[in-house]
Amino acid sequence: MSETVIKLENLSKKYGDFIALDTVSFSIRKGEIIGLVGPNGAGKTTMLKLISRLIRPNSGNVFIKNIDHEMQNVHEKSKNLIETGFLIDIPHFYNTTPYILLRHIANIRNYPKSKIKLRIDHLLKAFDLYQWKYKKLKIFSKGMIQKLGFLVAIIHDPELIILDEPQTGLDTNARIKIREYLKLLQKKGKTILLSSHLLTEIREVCDKIALINQGVLIGFDTIDNLERDFKTKELICEIVDPIPEERVNNLIIKLIRQLEPFLEAKADHLNFEGSITYNSQKNFFTIRYDGKQTSRSGILNILSTEFKTDFSISSFSEPKLSQLESLYDQMIKENNKKLK
Amino acid sequence: MKKLENFQINLKVVSYSILFEVKLQKKKFIIFSIVSIIYFYLMNIVPYVFMPSGALRYPQTGLYESQLTFFSLFLVLTTGFFFSGIICTEYKKKTGLTLLPLINKHNLIIGKYIANFLLVIGIGAIQYFLMALSSFYFYAEPIPASLLLSFGYLALYILALGSITTFLSSFMPSTGPVLVIIIALNLFGFSIIDSFVVPTNTEILYSLNYLYRIISEIINPEFSTMEGYFEYIQNNITHRIWRFPSAEGALIVLTLYAIVFFLLGYLLFKRRQL
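Residue numbers (my numbering), protein chains in the order written: chain A, 353 to 692; chain B, 830 to 1103.
Just so you know, the hints here were simulated from the structure itself, not pulled from any lab data. Be a bit skeptical, because a hint or two may be false.
[To be verified] Computed spacing ranges between beta-carbons, pair by pair: (1) R1072(B) with D369(A): 19 to 27 Å; (2) K431(A) with V1089(B): 22 to 30 Å; (3) F1000(B) with N688(A): 32 to 40 Å.
[What the hints assert, rightly or not] Under the rule of at most 25 Å between Cα atoms (straight-line distance), these lysine-lysine pairs were calculated in the DSS-like manner: (4) K852(B) with K488(A); (5) K856(B) with K488(A); (6) K831(B) with K487(A).
In this text the structure is predicted, and so the values were computed from the model without any measurement. For each residue, glycine too, the CB sits at the ideal point set by N, CA and C.
Put together the whole structure using the sequences plus the hints.
Given below as structure tokens:
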């Protein structure tokens, strides 16, 4: 098993009476990409600022691996830590050129002098900023600044990369480039902690998500495991011909009766209302089930045998994005209820 | 061995910070240099052109004295403009979000402090060079060696003023208030304190305005034998007016100002969160 690169231990931060972060603990192993998600004001940026030593915690510790492969408390000693790159908040730069800025960052992080120019050129070309190499940053657009912020975080080839919403304000092309580059960095064994509101990006690149709400870590696991825990698995069953409106309710009752062993029950464990819904415009059923692999095949089997006279199935799939969104929504709602 | 390596790394980071800061402040340096040249031209060359006989003060040190006296306000402004943003802009403009996680705060502040000092002393050097050049042209006399001593004190004065500005910048929200305070302190602040201290005949060594006088006075060949004060008797009470500090006194107080305020500024910067 790969070694731990970063570890948060009961990390708390208060601003006056407001608790921005409440005893958050988790650790990240080498080569993992962790997505930090949560609503606005949940404490994501506070957490990243604590990791980057921009602010001090009220209690708890942040440990990052040092060059001797020991975990080191960054708020006690910051020397000899593994190379770390940061993109915190919306990047703000001095009014200089990308070349001077990137060279300065590479220099202060002791990146081999002979390779700096090549590295800058390579990254600027990869992110379509090469022609802007010697232009002053004050004329850069928001998206270009954001891209440069990402380059600043990785210019010195760090082992650990902390990114706070790196895709904010970027066009689709740039977002894809960053996503692909993150995957490439992971292949090289880099560890990445990535905060984002874009669940598609999180789903695409992250191994695990850390879900944070009102300063509390309410989930830290792979998306599949969290979905299983929260029983939020959904299946989309598209059908060939539309079902007449007057038959829909009866059909849903029949479906619930037949599929009951596999469905996600509501709080009273008896009520399956809403577990199956029908979208009449796009001709598909949404089935919320218990998330087990055996249930999935069981459902498919019943649908294709017991309901062959009612409808013909054209496709049977899991909607990846909506699942993550619904998981996110459900976890936040449940946590808010608990906190109330 | 590891300590030596760390020291070398720190030294490298500081030197890169100096270079980077110099690049960032390049435009400001050019503007202030041009202003200082224009200022010198207006103060020295123009009067000579219009009043060739009356404009020159004798002996040669008179030119330095008058020029350096007027130069003090320009120096306060220059130092204020260069040092006022040394820390607070990292917070106000949020540029610290990029740099502070990557660099130790002491390396950053030392680098920026040295860079700004070099730039301000550079502007001072232009002024001294022009003074020496015009003096040689007008008087056709050798340049006094004490001009170098004066330049040394100018450097020390810039360090002291720079440290106070850095200290203010370490907790102030933006450059504006820092500039206002540093200018007000030099224009009125010390004078107000002086009005309480002078009647006690105590030497006003705390005053930067008073300490500044060493810069022009030390050029005088008679400096070592000159009395730093004069006395007069009024209503049977002896009053002492301090004209300029001793070389040792100025050296000690300016050095103390430079070190103490720099350290205070650093400590506040270290505690400041973004």
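Status of the hints after comparison with the structure:
no., hint, in the structure
1, R1072(B) with D369(A): 19 to 27 Å, "violated (58 Å)"
2, K431(A) with V1089(B): 22 to 30 Å, "holds (27 Å)"
3, F1000(B) with N688(A): 32 to 40 Å, "holds (38 Å)"
4, K852(B) with K488(A), "holds (12 Å)"
5, K856(B) with K488(A), "holds (13 Å)"
6, K831(B) with K487(A), "violated (40 Å)"
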